[in-house]
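Protein chains: 2
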Amino acid sequence: MLDDKQPQLTPLENLGEFGLIKHLTESFEIQNESSVKGIGDDAAVLNLGDLETVVSTDMLVEGVHFNLAYVPLKHLGYKSVVVNLSDIYAMNATPTQILVSIAVSSRFPVEALEELYAGIQIACKNYKVDLIGGDTTSSTSGLVLSITAIGSAKKEELTYRDGATENDLLVVSGDLGAAYLGLQVLERENEVFKVNPNVQPDLAQYDYLVGRQLKPEARKDIINLLKELDVKPTSMMDISDGLSSEILHLSKQSGYGFHVYEEKIPLDPSVIKTAEEFKINPITCALNGGEDYELLFTISQSDFPKIKGNPNLTVIGHTTEKNAENYLIIKGIESAVPLTAQGWVNI
Amino acid sequence: MLDDKQPQLTPLENLGEFGLIKHLTESFEIQNESSVKGIGDDAAVLNLGDLETVVSTDMLVEGVHFNLAYVPLKHLGYKSVVVNLSDIYAMNATPTQILVSIAVSSRFPVEALEELYAGIQIACKNYKVDLIGGDTTSSTSGLVLSITAIGSAKKEELTYRDGATENDLLVVSGDLGAAYLGLQVLERENEVFKVNPNVQPDLAQYDYLVGRQLKPEARKDIINLLKELDVKPTSMMDISDGLSSEILHLSKQSGYGFHVYEEKIPLDPSVIKTAEEFKINPITCALNGGEDYELLFTISQSDFPKIKGNPNLTVIGHTTEKNAENYLIIKGIESAVPLTAQGWVNI
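Chains F and L, in that order, give the protein sequences.
The opening position of the first sequence corresponds to residue 1360 in my numbering, with each subsequent residue numbered one higher.
The opening position of the second sequence corresponds to residue 1360 in my numbering, with each subsequent residue numbered one higher.
Hint data in this document are derived by calculation from the structure and do not stem from the laboratory.
Hints may contain errors.
Stated by the list, open to error - Chain L regions said to be covered by chain F (calculated; three or more residues, Cβ under 8 Å):
| # | region |
| --- | --- |
| 1 | 1421–1433 |
| 2 | 1455–1463 |
| 3 | 1506–1513 |
| 4 | 1643–1649 |
By construction, the Cβ of each residue, glycine as well, lies at the ideal position given by its N, Cα and C atoms.
In isolation and in its complexed conformation, chain F is listed as follows (with noise of 0.2 Å):
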């Protein structure tokens, strides 16, 4: 991806640290009043009044978190900040700034980084948040990104992991499991291309899957929409690393085991003939694969009829009791197996 660049491609050095963040961030416009200093002190400043704060950090790596050779960076820039919003509205509260911090060698020609910026920008648009700060630095390898989301909620609005009880509902937003068969996709185009790069791919059919992992969307509208619909859940977290090891922290966290029912799992049409086509089963891709960005939240009974019928939320499960297990309940062979954090083992 940077090889079809123009020719003309500016080192790093040209610029210097502070000439280069300030190239980087100029067009960076402040949306929030909690923002009163941003780049360009020791320290950002806010003030963020009577709310609670919140402050999540995820630090992104080349080649463990992500593939340069088919990852464009501009979607790269636009998913790192994806991940940590969702992190944020997974607390229920509105994110409200970012600091980005990049590791990175001299083989990147600032219009890479222009890219990479290109896309934050457009994820601070979209979710009306402000770039406060950051580091640049040269890094000896590859890219690094560690970015840190900062929002705020009312006390009373915040959710955690460990509040779910007694027979609360399991819902889940959006379908699991197209991210990483996206990845799959693009991984096996990626060896296709090593071998012959004059093949051009026809991804068209698996652009669901392919735009879930590049261009993940964190699901503000999800928190809008149970604010409307007066829903307050009992525990939420966001869906990154797969169905299965989420749920065992909402177990773990509360102290309740739960109940998963197969049928139940939220699945695009697309996942189930991608799935066909890699000989994996769906299911396991929910479970184990990740990178959904999906709410997962409990409610309690008394809320079903709230979020009956709504089509962006499944029930796919519930609380049992006070230190019981976890199981996947599958149907037609009425048996129950043990959920782990490595996910369900095809029986």
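We have chain F; now place chain L onto it with these hints.
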């Protein structure tokens, strides 16, 4: 440093990511009322009340910012926190929380990370800040640390970089140039060690310099001292990149020129002695060396009687006029040399 450990080391995989974070941070205690929720949810929760919040972040990369051949991991952990806290103090604010993200390759055993976190923990205790979150991920090559510090101050106490005005005095805390020379000593010893590993280096005479490099402190005491003296700087920053480039920042942001007097720049006797040994001008170490983490600030002339004679504070210059150039004034030859970010060239 990793080589002289006991032979039974624990591979990182044995713990898993969540196990690792828990293992490394479970002995950290919350010290600030404002830390409502620390590690273990999607995001940390702070309650910062009516104060202004300040946030700062830094990224440290192995091979760029530190060399593990001569930097013990415990010192690295301590220093990486202190460097961030220094930015918060430079706003005249009090740090309260930090987030620590690390990317680490599998060549590091758990024990190495324990050392790193032991240093982080000592810094947290010494400066009374809470570790409230972070991310731990694998790296394809070296160690990368990203630290975000959060603090607060009353609005009227905050000091920015742009507040200097005509005929303000330029003041620096402590002494300068030692951290840079400490690094020169460590690098020289490392080269000697590479040639002959049996040579036991005698670093006793360089104790102060090496200590300033490996275990710098943030000048919390100076912030408290200024409050006691009832002095509010008109502008302030910490010295991480060398006196020259920091003065240029204060100048650029305020719009005023500065005169700095060479003879006034505070140097420890060991800096003068060791600079001679390395055939460097000790003033060059102060101007361009960096990593001193002293505070550089401007005060009104009317505040001079309050700081006069204080052994921790040295007046090294003053602002001149709006849009004027910045000069280093050299005694004896009565010459003025323009200050540049690359520092003063020997004449």
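Hint-by-hint comparison with the structure:
Only when three residues or more bring their CB closer than 8 Å to a CB of chain F does the claim for the region 1421–1433 of chain L stand; here the count is 4, and the claim holds. Counting residues of the region 1455–1463 of chain L whose CB lies closer than 8 Å to any CB of chain F gives 5, which reaches the minimum of 3, so the coverage claim holds. Evaluation of the coverage hint for the region 1506–1513 of chain L: fulfilled, as 4 residues show C-beta separations to chain F shorter than 8 Å, against a requirement of three. For the region 1643–1649 of chain L, the proposed coverage by chain F is not satisfied: 0 residues have a C-beta within less than 8 Å of a C-beta in that chain, short of the threshold of three.
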